[in-house]
Amino acid sequence: MTRTLEIIGAWLLAILWMLPLLYAVWTAFHPSEYATHFSLFAPLTLQNFANAWEAAPFARYFLNTTMLVSLILVAQFLLCTPAAFAFARMNFPGRDIVFGIVLLQLMIMPDVLLVGNYRTMARLGLVDSILAIALPYLGSAFGIFLLRQVFRSVPQELDDAARLEGSSLLGRMWRVYVPLARPTYIAYGLVSVSYHWNNFLWPLVITNSVSTRPLTVGLAVFASTDQGIDWSIITASTLMTSAPLLVAFLLFQRQFVQSFMRAGIK
Amino acid sequence: MIKRRSLLAAGLALPAVARAQTVQKLSFYYPIAVGGPIPAIIDGYCKEFQAATGIEVTPVYAGNYGETLTKAVTAIKGGQGPQMAVLLAAEMHSLQDLGILVSLDEIGLDAAGKAWMDGFYPAFLANSHAEGKLWSVPFQRSTAVMYYNKAAFAEAGLDPEAFPKTWAQLQTAATKLTKRDATGRVTRWGVKMAGDTGNAQWTFGALANQAGHVLMNQAGTEAYFNSPKAVEALAYWQGLATVQKASPDGVSNWPQLSPDFLEGNAAIIQHTTGNLTNVRTNAKFPFGVAGLPGRDGPRTVVGGGNLYFFKNATPAERVASLKFARFMSEPARAADWSIKTGYIATRPEAYETKALKDYVAGFPPADVARGFLPVAVGELSTFENQKVYAALTNNVQACLNGTKTAAAAMADTQAEADRILKPYKKA
Amino acid sequence: MIRRETLQAWALILPALVLLVAFTHWPAVTTVLDSFYSTPKGSRPQRFVGVDNYAALWDDVVFWKAFWNNLWYALATIPASVILALAMALAVNTALPGRPLVRMAYFTPTMLPMIAVANIWLFFFTPDYGLFDHVLSLFGGARHNWLGEPATALPAMMVVAVWKEAGFFMIFYLAALQAMPPDLQEASNLEGGSRWYFFRRVTLPLLMPTTLFVLVNAVINAFRVVDHVVVMTRGGPNNATNLLLYYIYEMGFRFWDTSMAATLTVVLLVMLGALAWLQFGVFGKRVHYR
Numbered sequence: 001m002t003r004t005l006e007i008i009g010a011w012l013l014a015i016l017w018m019l020p021l022l023y024a025v026w027t028a029f030h031p032s033e034y035a036t037h038f039s040l041f042a043p044l045t046l047q048n049f050a051n052a053w054e055a056a057p058f059a060r061y062f063l064n065t066t067m068l069v070s071l072i073l074v075a076q077f078l079l080c081t082p083a084a085f086a087f088a089r090m091n092f093p094g095r096d097i098v099f100g101i102v103l104l105q106l107m108i109m110p111d112v113l114l115v116g117n118y119r120t121m122a123r124l125g126l127v128d129s130i131l132a133i134a135l136p137y138l139g140s141a142f143g144i145f146l147l148r149q150v151f152r153s154v155p156q157e158l159d160d161a162a163r164l165e166g167s168s169l170l171g172r173m174w175r176v177y178v179p180l181a182r183p184t185y186i187a188y189g190l191v192s193v194s195y196h197w198n199n200f201l202w203p204l205v206i207t208n209s210v211s212t213r214p215l216t217v218g219l220a221v222f223a224s225t226d227q228g229i230d231w232s233i234i235t236a237s238t239l240m241t242s243a244p245l246l247v248a249f250l251l252f253q254r255q256f257v258q259s260f261m262r263a264g265i266k
Numbered sequence: 267m268i269k270r271r272s273l274l275a276a277g278l279a280l281p282a283v284a285r286a287q288t289v290q291k292l293s294f295y296y297p298i299a300v301g302g303p304i305p306a307i308i309d310g311y312c313k314e315f316q317a318a319t320g321i322e323v324t325p326v327y328a329g330n331y332g333e334t335l336t337k338a339v340t341a342i343k344g345g346q347g348p349q350m351a352v353l354l355a356a357e358m359h360s361l362q363d364l365g366i367l368v369s370l371d372e373i374g375l376d377a378a379g380k381a382w383m384d385g386f387y388p389a390f391l392a393n394s395h396a397e398g399k400l401w402s403v404p405f406q407r408s409t410a411v412m413y414y415n416k417a418a419f420a421e422a423g424l425d426p427e428a429f430p431k432t433w434a435q436l437q438t439a440a441t442k443l444t445k446r447d448a449t450g451r452v453t454r455w456g457v458k459m460a461g462d463t464g465n466a467q468w469t470f471g472a473l474a475n476q477a478g479h480v481l482m483n484q485a486g487t488e489a490y491f492n493s494p495k496a497v498e499a500l501a502y503w504q505g506l507a508t509v510q511k512a513s514p515d516g517v518s519n520w521p522q523l524s525p526d527f528l529e530g531n532a533a534i535i536q537h538t539t540g541n542l543t544n545v546r547t548n549a550k551f552p553f554g555v556a557g558l559p560g561r562d563g564p565r566t567v568v569g570g571g572n573l574y575f576f577k578n579a580t581p582a583e584r585v586a587s588l589k590f591a592r593f594m595s596e597p598a599r600a601a602d603w604s605i606k607t608g609y610i611a612t613r614p615e616a617y618e619t620k621a622l623k624d625y626v627a628g629f630p631p632a633d634v635a636r637g638f639l640p641v642a643v644g645e646l647s648t649f650e651n652q653k654v655y656a657a658l659t660n661n662v663q664a665c666l667n668g669t670k671t672a673a674a675a676m677a678d679t680q681a682e683a684d685r686i687l688k689p690y691k692k693a
Numbered sequence: 694m695i696r697r698e699t700l701q702a703w704a705l706i707l708p709a710l711v712l713l714v715a716f717t718h719w720p721a722v723t724t725v726l727d728s729f730y731s732t733p734k735g736s737r738p739q740r741f742v743g744v745d746n747y748a749a750l751w752d753d754v755v756f757w758k759a760f761w762n763n764l765w766y767a768l769a770t771i772p773a774s775v776i777l778a779l780a781m782a783l784a785v786n787t788a789l790p791g792r793p794l795v796r797m798a799y800f801t802p803t804m805l806p807m808i809a810v811a812n813i814w815l816f817f818f819t820p821d822y823g824l825f826d827h828v829l830s831l832f833g834g835a836r837h838n839w840l841g842e843p844a845t846a847l848p849a850m851m852v853v854a855v856w857k858e859a860g861f862f863m864i865f866y867l868a869a870l871q872a873m874p875p876d877l878q879e880a881s882n883l884e885g886g887s888r889w890y891f892f893r894r895v896t897l898p899l900l901m902p903t904t905l906f907v908l909v910n911a912v913i914n915a916f917r918v919v920d921h922v923v924v925m926t927r928g929g930p931n932n933a934t935n936l937l938l939y940y941i942y943e944m945g946f947r948f949w950d951t952s953m954a955a956t957l958t959v960v961l962l963v964m965l966g967a968l969a970w971l972q973f974g975v976f977g978k979r980v981h982y983r
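Chains as they are written, first to last, in this note's numbering: chain A, 1 to 266; chain B, 267 to 693; chain C, 694 to 983.
Next comes chain A alone, as it looks inside the complex (with noise of 0.2 angstroms):
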């Protein structure tokens, strides 16, 4: 019986969640009129996902993103290996101080400290570049974390076995460490990619142009319109812009869970 309501309970909170998700694709998929209607008669168009690409340039915010997403993943990833293997495997001294500065940046967020790093964009003239959106995350207390608290639980005989064969120090870290942290590096990516493909307010801030603006400030860019709010073109924009990032996620689901489950996060 209780284990009957459970189930009833899961699923309805289930369906709560999908609500948005759902509204936005019933309007994306039907004529405007329908946005606020329901009716199962409702004809089906694409118009609405022709007009909200026709009125932005989504195919370049497409790319922005992308470069930018790409940008950062590559550069944490390569920033933060070494670091975390440094921290997790040599004896050095000021360590532990250094690691707690580095360990500062989880509390404080370079997203808070938007004035400042605006200021320093600008002196860097880089202000209004993909790159300017990146600088403050690629370097990445988080994943330096991640990979220490995993690179600190494989086997030290391992890297023992390595150091016999005569594997030079970054030998040692690509071919014994990193492939045991692959989970590690798989959930870390994802929650790096989701992060910056829908972060808003820094992005917001430093881009001015199309040719730098990712997804989202065009999206927000696009959705402030005088004349208010068209719910059509806004909910087929909204799934044009989460498409990939969602159809990866439903593809991929179960190694994701488990990259999560094995990459120690907990």
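No wet-lab data here; the hints were simulated from the structure.
Computed from a prediction, not measured in an experiment: that's the story for all the values here.
Where is the CB? At the ideal position from N, CA and C, for every residue including glycine.
Heads up, a few of these hints could be off.
To be verified - Restricting the straight-line Cα-Cα distance to at most 25 angstroms, the calculated cross-link-like pairs of lysine to any residue (SDA-like) are:
{"id": "1", "chain 1": "B", "residue 1": "K511", "chain 2": "C", "residue 2": "V960"}
{"id": "2", "chain 1": "B", "residue 1": "K691", "chain 2": "B", "residue 2": "Q484"}
{"id": "3", "chain 1": "B", "residue 1": "K291", "chain 2": "A", "residue 2": "R123"}
Unchecked claim - If you anchor each label on the Cβ, the simulated ranges turn out as follows:
{"id": "4", "chain 1": "A", "residue 1": "F62", "chain 2": "B", "residue 2": "G310", "range": "23 to 29 angstroms"}
{"id": "5", "chain 1": "A", "residue 1": "Q255", "chain 2": "C", "residue 2": "L971", "range": "51 to 57 angstroms"}
{"id": "6", "chain 1": "B", "residue 1": "V480", "chain 2": "C", "residue 2": "L726", "range": "40 to 46 angstroms"}
Based on these hints, arrange chains B and C on the given structure of chain A.
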């Protein structure tokens, strides 16, 4: 010694001269205040300008007025802003205070230029004068107008061709237009006006004028909220909800007004002329456009954006920008702009063109707003404009939500505005 | 003579550290310095003003409004999203019919850009014919101006935040639950212990490290995410939904009062620091965390 200095000056001037001869690119921030086809229209004008002058103007579409203002100023402060931008006409004092504007007088207006500036509707230049100089060129201009549902008027036993001219008439009409179902739930509101952040000050500016009150001095150093007339204006707004029960309680949001109107949820909305094409395309019922009523007779407020020129441009770029402004205001183009968007053409001569004459004859609502220009005032415009707007908006919202009386709200706005404007008062 | 390993370690750390310091620690320090200076304006250059900015902030009603809003917002959204996340994880960790579908439903909000879904929520909250009012009216409910009334505007923002976040935290709980040795549950079943007892005495303590991790993220998000405020209310009505970071954005990029923005940022940083200390220092001690 003198020689060396002049040599140095010549050396410094050289690159500027070289640049002057090769002004080929201008960048121009533009608020897409209305969605749809507008960017394409602007792109078209820029191409025509390039064909005529060889100067490439790149428009940057940066969101609504507030966002475009933020973007333009932030970019200029960051050292790489545009040479010109269309921003709210009312931002003149603030922009000047930031020290980023260059006046038209500084760029250089010859006799022909002065005559050209005199050719704009005076109401649209209301927010352009300060310190005896001209700071902006009217471009994307509108006034507040009322859109009303003629079917609802007929249903409520009102004459669809006679929109209320006074507050009392509007109160009566709005009460009649408000429709309730059997449970007493409202299914159609009489009237809705925007009180949300970013728009409350515009609505209120119109109401204050309707009460016969001016909210600030021309220098932008003083604001006058704590006056019986301003209180009366706010009380009238609040009363539409609390007394007449013909408008919803609390704050109505600007972006929602159009859908509300098109949905039949509001019989009358106060909106911008720039929304005309949208309403015309999407309304499934006969609708009318009318000027705003006033306490004693029609009064309204102008709105929209002017073209500003920035200091960071080279002298040659400034001249080229001014050329662009003149190009954009040529009668044929101003007429075309008005026809395609619903904005008011900024110059009377545009209404003499055949295109606009024919258009207005075929679609009379398009000419309603122009008729109210003589009773329009400029927008609320002071130094630290956005801060004063925020103070006013907060208090208007508090009043609409019933946490403050109109009198208290205006007194508090005054205190806050005085505090904000204190550094400017003696200047 | 510096050891070789030390040099190597620093070489490995330095690239990441330089970027971290340049865009987190350095701006934090300059922000603190800026808060003691006035905002430069066209004719008036920047000058040292001591704690004037802090005094002005103390007298600023909008600041206090945003401060308390943010506190309430945090106090409501953090427990709500963490508890919901745990409940979701427990639900999809059992043999639920249609489990992948349910799990997907819980998680999708995480994948959608806040800026986009906020527009959809805007429709849900629309008075009269929006989804919530429409459904309520079927049961004879009254009209609600959800985002236009101060009493409901902030709770509406909280709902959106919880909806957006719970699924993200669920993943962490789910990963932790699945990593738990199944024999624990079997042992408990043999002993005939109630499920609630098992949950309280075994599952929950084992989930403590996850809870701390999730909690840290929830706290950060409560102060970091203001995208929905930008889209839905812009802080209104009468600052009922103004949050600290949004106020910083307004100060810095709408009013161009960079000094006040810096002062506000310092306040936010101090709050975050205090919360970090509370979490790791007090709460964290009770968690066995490597």
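Hints and how they fare:
For a cut-off of 25 angstroms, the pair hint linking B/K511 to C/V960 is broken: about 43 angstroms separates their Cα positions. For a cut-off of 25 angstroms, the pair hint linking B/K691 to B/Q484 stands: about 13 angstroms separates their Cα positions. Note on B/K291 and A/R123: the hinted pairing holds, with a Cα-Cα distance of about 24 angstroms set against a maximum of 25 angstroms. For A/F62 and B/G310, the hinted distance range of 23 to 29 angstroms is satisfied, since their beta carbons lie about 25 angstroms from each other.
With their beta carbons about 36 angstroms apart, A/Q255 and C/L971 fall outside the hinted range of 51 to 57 angstroms. Here the CB-CB span from B/V480 to C/L726 is close to 43 angstroms, well matched to the stated 40 to 46 angstroms.
Against the hints set out earlier in the document, violations occur for numbers 1, 5.
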